[in-house]
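Note that the protein sequences, when read in sequence, are chains A and B.
Sequential numbering of the first sequence, starting at 1, is according to the numbering used here.
Sequential numbering of the second sequence, starting at 1, is according to the numbering used here.
The reader is advised that the hints may include incorrect statements.
[Stated by the list, open to error] Some chain B residues flagged as far from chain A (calculated, every beta-carbon gap over 10 Å):
no.: 1; residue: Arg-39
no.: 2; residue: Glu-332
no.: 3; residue: Leu-347
no.: 4; residue: Val-482
no.: 5; residue: Leu-487
no.: 6; residue: Arg-610
[Said to hold, decoys possible] Okay, the calculated beta carbon distance ranges per label pair:
no.: 7; chain 1: B; residue 1: Thr-476; chain 2: A; residue 2: Pro-290; range: 56 to 62 Å
no.: 8; chain 1: B; residue 1: Gln-442; chain 2: A; residue 2: Asp-77; range: 34 to 40 Å
no.: 9; chain 1: A; residue 1: Asn-274; chain 2: B; residue 2: Leu-7; range: 56 to 62 Å
no.: 10; chain 1: A; residue 1: Pro-342; chain 2: B; residue 2: Glu-260; range: 41 to 47 Å
no.: 11; chain 1: A; residue 1: Pro-286; chain 2: B; residue 2: Pro-420; range: 37 to 43 Å
no.: 12; chain 1: B; residue 1: Thr-476; chain 2: A; residue 2: Gln-142; range: 29 to 35 Å
no.: 13; chain 1: A; residue 1: Arg-330; chain 2: B; residue 2: Gly-498; range: 32 to 38 Å
no.: 14; chain 1: A; residue 1: Gly-18; chain 2: B; residue 2: Ser-395; range: 20 to 26 Å
no.: 15; chain 1: B; residue 1: Ala-538; chain 2: A; residue 2: Val-324; range: 42 to 48 Å
no.: 16; chain 1: B; residue 1: Asp-488; chain 2: A; residue 2: Ala-318; range: 49 to 55 Å
no.: 17; chain 1: B; residue 1: Gln-442; chain 2: A; residue 2: Ser-197; range: 20 to 26 Å
[To be verified] When the alpha-carbon atoms are kept at most 25 Å apart in a straight line, the in silico PhoX-like pairs for lysine-lysine are as follows:
no.: 18; chain 1: A; residue 1: Lys-167; chain 2: A; residue 2: Lys-83
no.: 19; chain 1: B; residue 1: Lys-169; chain 2: A; residue 2: Lys-83
no.: 20; chain 1: B; residue 1: Lys-169; chain 2: A; residue 2: Lys-167
No wet-lab data here; the hints were simulated from the structure.
C-beta: ideal position from N, C-alpha, C; glycine also.
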Amino acid sequence: MNAITSLVRAEGLTRGFGGRAGLFRNATPVMAVRGVDLEIHRGEALGVVGESGCGKSTLGRLLLRLMPPTDGRVLFDGSDLAKTSRPGLRAMRRRMQMVFQDPFGSLDPRRSVGAQIADGLAAADPDRIAALLGQVGLDPAQAQRLPHEFSGGQRQRIAIARALAPKPDFIVADEPVSALDVSIQAQIVNLLADLRSELGLALLFISHDLHVVRHLCDRVLVMYLGRVVEQGPAAAIFADPAHPYTRALLAATPSMRQAQVGTALQGELPSVANPPSGCVFRTRCPEARPSCAEAVPMLETVAPGRQIACLRAKEIYACLTHPVASICWRAAGMRTRYETAPRA
Amino acid sequence: MRGHRLLLPGVLVGGMLLVALAGPLLPIADPVRQDVAGRLTLSSAAHWLGQDEFGRDVLSRLILGARVSLAIAVASTVLGAVAGTLLGLVGGYFRGLAEIVTMRTAEIVLCFPPLLLALLVVTLLGPGAGTLILCLAIVFTPAFARVAYAATLSVRALDYVTAQVALGKPAVLILWRTLLPNIAPPLIVQISLTVAAALMLESGLSFLGLGVVPPAPSWGLMIRGARATMEQAPLLLLWPCLALTGAVVALNLLCDRLREVLDPRGGGRGRPGFLRVFPALRTPSRDKAASTGLLALRGLTLEINGPFGAVPVVRDVSLTLAAGETLALVGESGSGKTLTALAAMGLLPSAVRVVSGQILYADRNGATQDLLRLPEKDLRRLRGQDLAMIFQDPSSSLNPLLRVGAHLAETLRAHHAGGPLTARVVDLLRQVGLPDPARCAQMYPHELSGGQRQRVMIAVAVANHPRLLLADEPTTALDVTVQAQILDLLASLKRAEGGLGMLFVTHNLAVVARIADRVAVMYAGELVEEGPVADVFATPRHPYTAALIASTPEGEAERLTAIPGTVPQPWAMPPGCRFAPRCSMAKPACDAAPPPVAIPAPGRATRCLRWEEMA
Numbered sequence: 001m002n003a004i005t006s007l008v009r010a011e012g013l014t015r016g017f018g019g020r021a022g023l024f025r026n027a028t029p030v031m032a033v034r035g036v037d038l039e040i041h042r043g044e045a046l047g048v049v050g051e052s053g054c055g056k057s058t059l060g061r062l063l064l065r066l067m068p069p070t071d072g073r074v075l076f077d078g079s080d081l082a083k084t085s086r087p088g089l090r091a092m093r094r095r096m097q098m099v100f101q102d103p104f105g106s107l108d109p110r111r112s113v114g115a116q117i118a119d120g121l122a123a124a125d126p127d128r129i130a131a132l133l134g135q136v137g138l139d140p141a142q143a144q145r146l147p148h149e150f151s152g153g154q155r156q157r158i159a160i161a162r163a164l165a166p167k168p169d170f171i172v173a174d175e176p177v178s179a180l181d182v183s184i185q186a187q188i189v190n191l192l193a194d195l196r197s198e199l200g201l202a203l204l205f206i207s208h209d210l211h212v213v214r215h216l217c218d219r220v221l222v223m224y225l226g227r228v229v230e231q232g233p234a235a236a237i238f239a240d241p242a243h244p245y246t247r248a249l250l251a252a253t254p255s256m257r258q259a260q261v262g263t264a265l266q267g268e269l270p271s272v273a274n275p276p277s278g279c280v281f282r283t284r285c286p287e288a289r290p291s292c293a294e295a296v297p298m299l300e301t302v303a304p305g306r307q308i309a310c311l312r313a314k315e316i317y318a319c320l321t322h323p324v325a326s327i328c329w330r331a332a333g334m335r336t337r338y339e340t341a342p343r344a
Numbered sequence: 001m002r003g004h005r006l007l008l009p010g011v012l013v014g015g016m017l018l019v020a021l022a023g024p025l026l027p028i029a030d031p032v033r034q035d036v037a038g039r040l041t042l043s044s045a046a047h048w049l050g051q052d053e054f055g056r057d058v059l060s061r062l063i064l065g066a067r068v069s070l071a072i073a074v075a076s077t078v079l080g081a082v083a084g085t086l087l088g089l090v091g092g093y094f095r096g097l098a099e100i101v102t103m104r105t106a107e108i109v110l111c112f113p114p115l116l117l118a119l120l121v122v123t124l125l126g127p128g129a130g131t132l133i134l135c136l137a138i139v140f141t142p143a144f145a146r147v148a149y150a151a152t153l154s155v156r157a158l159d160y161v162t163a164q165v166a167l168g169k170p171a172v173l174i175l176w177r178t179l180l181p182n183i184a185p186p187l188i189v190q191i192s193l194t195v196a197a198a199l200m201l202e203s204g205l206s207f208l209g210l211g212v213v214p215p216a217p218s219w220g221l222m223i224r225g226a227r228a229t230m231e232q233a234p235l236l237l238l239w240p241c242l243a244l245t246g247a248v249v250a251l252n253l254l255c256d257r258l259r260e261v262l263d264p265r266g267g268g269r270g271r272p273g274f275l276r277v278f279p280a281l282r283t284p285s286r287d288k289a290a291s292t293g294l295l296a297l298r299g300l301t302l303e304i305n306g307p308f309g310a311v312p313v314v315r316d317v318s319l320t321l322a323a324g325e326t327l328a329l330v331g332e333s334g335s336g337k338t339l340t341a342l343a344a345m346g347l348l349p350s351a352v353r354v355v356s357g358q359i360l361y362a363d364r365n366g367a368t369q370d371l372l373r374l375p376e377k378d379l380r381r382l383r384g385q386d387l388a389m390i391f392q393d394p395s396s397s398l399n400p401l402l403r404v405g406a407h408l409a410e411t412l413r414a415h416h417a418g419g420p421l422t423a424r425v426v427d428l429l430r431q432v433g434l435p436d437p438a439r440c441a442q443m444y445p446h447e448l449s450g451g452q453r454q455r456v457m458i459a460v461a462v463a464n465h466p467r468l469l470l471a472d473e474p475t476t477a478l479d480v481t482v483q484a485q486i487l488d489l490l491a492s493l494k495r496a497e498g499g500l501g502m503l504f505v506t507h508n509l510a511v512v513a514r515i516a517d518r519v520a521v522m523y524a525g526e527l528v529e530e531g532p533v534a535d536v537f538a539t540p541r542h543p544y545t546a547a548l549i550a551s552t553p554e555g556e557a558e559r560l561t562a563i564p565g566t567v568p569q570p571w572a573m574p575p576g577c578r579f580a581p582r583c584s585m586a587k588p589a590c591d592a593a594p595p596p597v598a599i600p601a602p603g604r605a606t607r608c609l610r611w612e613e614m615a
């Protein structure tokens, strides 16, 4: 991977909230994102998965510089966003866009959808607005209507049209289908997949729905409590999850077509304000050892393009390359079982 | 269409302004000409409302006084609104230093007593209408700043503002085009309150001699003058007070209507539907005895009073739940799945009406009751004891002021007299897998996480060993790892409480596969398919079920099979099969009449004409 081909590159991205010490303020910041490195190439779709509070939405906003990072930097097409001048940043913003989760909050209720799409254009060109509406599967004649006249799925299409208007290279989609019905979800997922292949868009797809991510993304980043615990090619991660958290997450995700046998995680996500020492996952991890409390595990490469942050990465790596993984997991004394079989 | 709502207040305020503006042109008496002989006389042909303590004409002073009073009120409000909104917008949007400068300044002014401020300004500038306007504007600015600031803070966090930032729009444009229109409604309310307050304050300050200088007419000066002679001529006090009240009411009405008209969604619609108890149906129940199983719905039809008259939201739904069985009710939003489930509890939003049908429930004594025809007293005895419910949002279904233990004790006490409750409460909390149940009973709901709160809700639901548990999307608001825990808990509770029937409402097919024995699929208010989960998922007999399964992003398909179009609105239902417009298998016969229920195999049902052609 060389730096020239990557469109978006984050180095040690960190963001804390409310850390400024003051007379009545707590001095310890809540770290929403901690030391995230990532790279997104042109036309690539990177999925970010994790439970609520893992920092995935904050990560998306940091990459677009909708909020400044506490530490670390974001390079977009080779230039550091923090060092870009204000007008330069405004111009650069047009090349990176965002699609939000809530189709009812992402459109201004008081302006026509055509006007809102035109916000992304250099000039309000009716032909271009009509073309964009057509591109997302809406009737171009509806440009004069107000957002409340559309259904949730149609609003999400309008929000996508607005994001496409300035011809961006990169789109952050923050849970764009979670608020939609199943049958509408499929329409939007297909639309995003089509647009990606037609326009060569790079996509950061944030979702808690692992099935959607598997369907749409090339690579996946698994986050837990602000840290990346596993990353790698989507197909490999879903077929053979390595990190104990990823395994538990997949085991917990109900599936219609497969019967899963897996270990249910005990307890719930610890508070972000008071994370465990050492490995953040150790309080719920079935494989945790006393040494996990001491040091924060770094991401280690376990297979080509795959990295996990776990003190037992070496044992896990051995099992991933073992001909019969499940035997190896058991032999290594690993308790996180994750096996699937097609439903009868 | 909504413009006519502005007509009445518009005419009132317009009339008032017109009279005030045209005052000098009207053929009325000179307001300052004194007539000592005629002082305090009542109404006459020359002086319709009589003469005041100097013999001046009251009507002409009232009309010309309106010019002064209204001008001061409107001008000071506009000045205050512009200045305050600007401060609030800038402070709320940019935060940081801008916030400190603007909001703290506003707060300092707010701390100053208005009267003291007025005295100060009047001393510096001398009395008069101009001074009064400036003084009132300063008094009103902080209130506008605070309202604008609060509204800006909530609107700037919305995604459409973030989207404008992401589009690289300059801040001035975002403030002007996006924020200002969206913070307008509370500001309009504030304006209406302020104009009224300004009229009052002008009167008060003029009354004290700080405002308009006599002999120029103003409503406040009129009140001041009339007070001295109120025992001889009480009517003199009445006229300016009436004018003041009328002006305030008319302006309030105008601003209220204006706020409604400016709301693109149309005010008033979309109020939350409160659950209420519905009256028992009068029509007698037919052949109750023929029911089998724990719960049987027969031909349930519910109506809602929509903008275009009564529309059926649930039509002719029939299903059966056996003891010990889990039946999943699946559908998209608007399919009527939650309403169907709520009706079984005898609870519905107030806009929904039961039209016909039966809900047959076999009680503990083996007798069959029709819940739709049961008096509320008997129904209440069943609820919480035989029938229990878990809701979607665990944070809003627990009373934040009550300890966890109190919720459980209340439920236990409602259906069992006395006895030591503490031990039972702790037992229940342990049963639902809460760590340290004794301590947990002493905690308040906000001290628990979402998953733990849902566990408490489940403990409340199973406290009295119900026979039927209704779970309305109980895991939708939870994370997957917690969802798995709750699903496991529900399954183990079912095993522990033998014979507990569960009606599980969800939109998630994968959850259905995990928890349910049988599944009922609803679409646009109708039950389209029913059967054992494994059979229905393996060989769906309705195109909607098949399309739902195909659109779920699992498996290796390169492209998802999306269902084109959207669910029809309840008031615009297709005449025939409701799925026909989106169905790939539709033929002309589908549009002609609603398809009857077909039985493809024992224990299965489908509402499709072409089920046999589905491979």
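Hint by hint, here is what the structure shows:
| no. | hint | verdict |
| --- | --- | --- |
| 1 | Arg-39 | holds, 57 Å |
| 2 | Glu-332 | violated, 4 Å |
| 3 | Leu-347 | holds, 24 Å |
| 4 | Val-482 | violated, 6 Å |
| 5 | Leu-487 | violated, 7 Å |
| 6 | Arg-610 | holds, 19 Å |
| 7 | B:Thr-476 - A:Pro-290: 56 to 62 Å | violated, 38 Å |
| 8 | B:Gln-442 - A:Asp-77: 34 to 40 Å | violated, 57 Å |
| 9 | A:Asn-274 - B:Leu-7: 56 to 62 Å | holds, 60 Å |
| 10 | A:Pro-342 - B:Glu-260: 41 to 47 Å | violated, 57 Å |
| 11 | A:Pro-286 - B:Pro-420: 37 to 43 Å | holds, 38 Å |
| 12 | B:Thr-476 - A:Gln-142: 29 to 35 Å | holds, 31 Å |
| 13 | A:Arg-330 - B:Gly-498: 32 to 38 Å | holds, 35 Å |
| 14 | A:Gly-18 - B:Ser-395: 20 to 26 Å | holds, 22 Å |
| 15 | B:Ala-538 - A:Val-324: 42 to 48 Å | violated, 29 Å |
| 16 | B:Asp-488 - A:Ala-318: 49 to 55 Å | violated, 31 Å |
| 17 | B:Gln-442 - A:Ser-197: 20 to 26 Å | violated, 57 Å |
| 18 | A:Lys-167 - A:Lys-83 | holds, 23 Å |
| 19 | B:Lys-169 - A:Lys-83 | holds, 19 Å |
| 20 | B:Lys-169 - A:Lys-167 | holds, 15 Å |
Of the numbered hints stated above, those contradicted by the structure are hints 2, 4, 5, 7, 8, 10, 15, 16 and 17, listed in ascending order.
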